[in-house]
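Whenever a hint applies, use it, and build me the whole structure from the sequences.
2 protein chains.
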Amino acid sequence: MNIGVDAMGGDYAPQAAVLGAIEALGYIGNDTRITLFGDREKITEILRQEGSSADSFDIVHTSQVIEMGEHPAHAFTWKPDSSIVVGFQYLKAGKIDGFASAGSTGAMMVGSSMVIKQIEGIIRPAICTQIPTEDGGCSVLLDVGLNVDCKPDVLFQYGLIGSIYAQSILGLENPRVALMNIGQEAEKGNLAAKAAYETMDGTESFRFVGNVEAHHLFDKKIADVIVCDGFVGNVMIKQAEGFYSLMKQQGVTSPFIEALNYEEIGGTPVLGINSTVIIGHGHSSPKAIRNMILHTETAVKAGIVEKFKEAFK
Amino acid sequence: MNIGVDAMGGDYAPQAAVLGAIEALGYIGNDTRITLFGDREKITEILRQEGSSADSFDIVHTSQVIEMGEHPAHAFTWKPDSSIVVGFQYLKAGKIDGFASAGSTGAMMVGSSMVIKQIEGIIRPAICTQIPTEDGGCSVLLDVGLNVDCKPDVLFQYGLIGSIYAQSILGLENPRVALMNIGQEAEKGNLAAKAAYETMDGTESFRFVGNVEAHHLFDKKIADVIVCDGFVGNVMIKQAEGFYSLMKQQGVTSPFIEALNYEEIGGTPVLGINSTVIIGHGHSSPKAIRNMILHTETAVKAGIVEKFKEAFK
Numbered sequence: 001m002n003i004g005v006d007a008m009g010g011d012y013a014p015q016a017a018v019l020g021a022i023e024a025l026g027y028i029g030n031d032t033r034i035t036l037f038g039d040r041e042k043i044t045e046i047l048r049q050e051g052s053s054a055d056s057f058d059i060v061h062t063s064q065v066i067e068m069g070e071h072p073a074h075a076f077t078w079k080p081d082s083s084i085v086v087g088f089q090y091l092k093a094g095k096i097d098g099f100a101s102a103g104s105t106g107a108m109m110v111g112s113s114m115v116i117k118q119i120e121g122i123i124r125p126a127i128c129t130q131i132p133t134e135d136g137g138c139s140v141l142l143d144v145g146l147n148v149d150c151k152p153d154v155l156f157q158y159g160l161i162g163s164i165y166a167q168s169i170l171g172l173e174n175p176r177v178a179l180m181n182i183g184q185e186a187e188k189g190n191l192a193a194k195a196a197y198e199t200m201d202g203t204e205s206f207r208f209v210g211n212v213e214a215h216h217l218f219d220k221k222i223a224d225v226i227v228c229d230g231f232v233g234n235v236m237i238k239q240a241e242g243f244y245s246l247m248k249q250q251g252v253t254s255p256f257i258e259a260l261n262y263e264e265i266g267g268t269p270v271l272g273i274n275s276t277v278i279i280g281h282g283h284s285s286p287k288a289i290r291n292m293i294l295h296t297e298t299a300v301k302a303g304i305v306e307k308f309k310e311a312f313k
Numbered sequence: 001m002n003i004g005v006d007a008m009g010g011d012y013a014p015q016a017a018v019l020g021a022i023e024a025l026g027y028i029g030n031d032t033r034i035t036l037f038g039d040r041e042k043i044t045e046i047l048r049q050e051g052s053s054a055d056s057f058d059i060v061h062t063s064q065v066i067e068m069g070e071h072p073a074h075a076f077t078w079k080p081d082s083s084i085v086v087g088f089q090y091l092k093a094g095k096i097d098g099f100a101s102a103g104s105t106g107a108m109m110v111g112s113s114m115v116i117k118q119i120e121g122i123i124r125p126a127i128c129t130q131i132p133t134e135d136g137g138c139s140v141l142l143d144v145g146l147n148v149d150c151k152p153d154v155l156f157q158y159g160l161i162g163s164i165y166a167q168s169i170l171g172l173e174n175p176r177v178a179l180m181n182i183g184q185e186a187e188k189g190n191l192a193a194k195a196a197y198e199t200m201d202g203t204e205s206f207r208f209v210g211n212v213e214a215h216h217l218f219d220k221k222i223a224d225v226i227v228c229d230g231f232v233g234n235v236m237i238k239q240a241e242g243f244y245s246l247m248k249q250q251g252v253t254s255p256f257i258e259a260l261n262y263e264e265i266g267g268t269p270v271l272g273i274n275s276t277v278i279i280g281h282g283h284s285s286p287k288a289i290r291n292m293i294l295h296t297e298t299a300v301k302a303g304i305v306e307k308f309k310e311a312f313k
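Protein chains in written order, with the working numbering: chain A, 1 to 313; chain B, 1 to 313.
By construction, these hints were calculated from the structure, which means they are not laboratory data. Take these hints with a grain of salt, some might be off.
Which residues of chain A face chain B? A partial, calculated answer using Cβ under 10 Å [stated by the list, open to error]:
1) Phe218
2) Gln250
3) Gly251
Note that the coordinates shown come from a computational prediction; the quantities given were computed from them, not determined experimentally. Built from N, CA and C at the ideal position, the CB exists for glycine as well.
Encoded structure:
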């Protein structure tokens with residue numbers, strides 16, 4: 001397999017991206033190659049400095065970079081030779097099996113929806129994250145920011161998408177799927193949550209266990225997969241990020257607090273599209289990039305895209 | 001002034017409620033009396049055990065209790081001699097100046113909306129909470145659960161309500177009001193947030209400072225008052241509660257973590273109704289009850305109800 005990595009993506013690119021790719025070499029399978037998309041001269045210079053052979057990677061030279069402030073859709077048109085645009089072309093052509101970048105989230109979304117496109121039968125793709133739990137494991141939260149106004153049928157599909165992700169990536173046999181809500185009873189919640197509960201209750205598509213309240217976000221008392229709209233999910237992950245920063249700033253630590261570090265999680269997959277795409281955190285360190293690459297490899301190996309296609313046929 | 005307290009409200013009532021009221025005696029003003037609503041025999045027995053004089057309180061005997069599992073609106077009709085129903089009658093009649101209970105949240109809501117009623121000009125009342133911040137202070141978050149589907153004009157009013165609350169209770173002169181959102185830019189968010197931003201932008205009713213993201217919930221970098229719908233706000237406070245429990249369970253502590261303890265906050269005021277009503281946490285300890293009573297006294301002293309009436313005239 002061949003994993004494409006945007007060497008120009010992230011606040012500390014290309015340095016952090018290339019260092020992360022070098023780190024990843026020590027972990028990926030023997031039959032996995034990494035293709036770096038970016039400025040060949042800069043990439044090879046970093047590899048030289050690190051004493052890493054340029055032969056360890058495939059390098060695709062690109063002359064442009066989509067900056068964080070740019071309008072994503074416009075940038076996609078105006079910068080055809082940018083690392084992200086070329087990466088998506090390779091992905092679509094099947095020259096790479098997955099693509100990961102810590103660069104412009106917006107551009108990664110545009111590439112996912114316009115170039116790779118959603119799987120037939122899936123109303124809207126989602127992005128998910130792994131939430132660390134008190135037992136040292138994690139649960140899956142989706143959507144965390146792609147669809148901020150979710151209709152009930154979209155939330156229902158997220159239950160199935162999350163279930164397949166938890167089976168394939170976390171190895172859970174029959175994951176418990178819950179709806180994020182403000183009470184346990186069926187009649188609780190806003191209009192969307194109440195209607196979503198009705199569509200999920202009694203489904204055979206996944207193992208629905210009812211509502212979960214946010215004080216159970218960090219334990220596994222109720223659920224392995226938690227479904228919510230992208231507004232609520234995004235607020236939740238940013239609040240967790242706020243806890244983590246504050247605890248670090250105050251010098252308070254624990255294994256759980258460390259697990260909240262985005263570096264450990266290794267990026268946010270775009271689920272429900274025709275290939276494997278992972279979006280890294282803008283502040284990605286080499287370790288975060290390494291984990292983003294490993295996450296991409298795991299998703300490709302698990303054949304998660306094929307599983308979605310099968311489930312939504 | 002006279003503060004009414006539901007002696008039968010909360011998981012550990014009447015014991016915890018009466019003990020909390022006794023504790024509060026050491027903190028309230030000389031001209032403040034506390035009226036306890038509940039079973040006179042049980043109340044006086046606890047006072048006797050504690051060596052506290054029954055003369056320290058006004059006691060209104062009630063023979064019924066609304067339980068947590070009961071349908072709030074039905075219970076309000078079926079249990080006319082319950083501590084909550086009688087408390088609201090006293091409040092409406094002006095025999096007490098504020099009413100606080102750690103009992104059935106639903107029944108407290110019913111009393112607030114059906115007996116005390118919202119102030120003319122306010123579309124929907126809200127409940128708010130004080131969020132501890134890293135500087136040892138706090139910010140105000142509303143709504144935290146009363147209105148789960150908020151129209152933009154309701155969110156706008158919450159900006160003004162929160163601003164008046166922060167001025168009156170926290171003593172902030174010109175509080176910064178922000179909209180909880182998933183990005184800083186005006187065009188970010190779900191439909192309600194985008195429309196609310198438009199109504200708030202440029203307002204002279206309060207000092208609107210734009211969007212705030214949830215990683216700033218625990219600092220004061222952006223705002224003193226944070227406005228969101230009741231679904232999002234409820235999820236946020238429950239997530240914070242979950243984080244607090246987990247830290248306690250793992251033996252991790254810090255002044256900030258301690259400040260997340262609901263006992264410190266002393267209840268959630270119902271804002272936008274014609275009198276002062278504070279709802280305590282079901283698990284309230286005596287300390288939490290004490291702080292709930294002090295919070296009620298502060299709100300009455302600050303004349304917050306009159307300020308809302310003036311602002312929405």
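Checked hints:
1. Phe218: 5 Å, holds
2. Gln250: 5 Å, holds
3. Gly251: Holds - the Cβ of Gly251 (chain A) comes within 10 Å of chain B, reaching about 8 Å at its closest.
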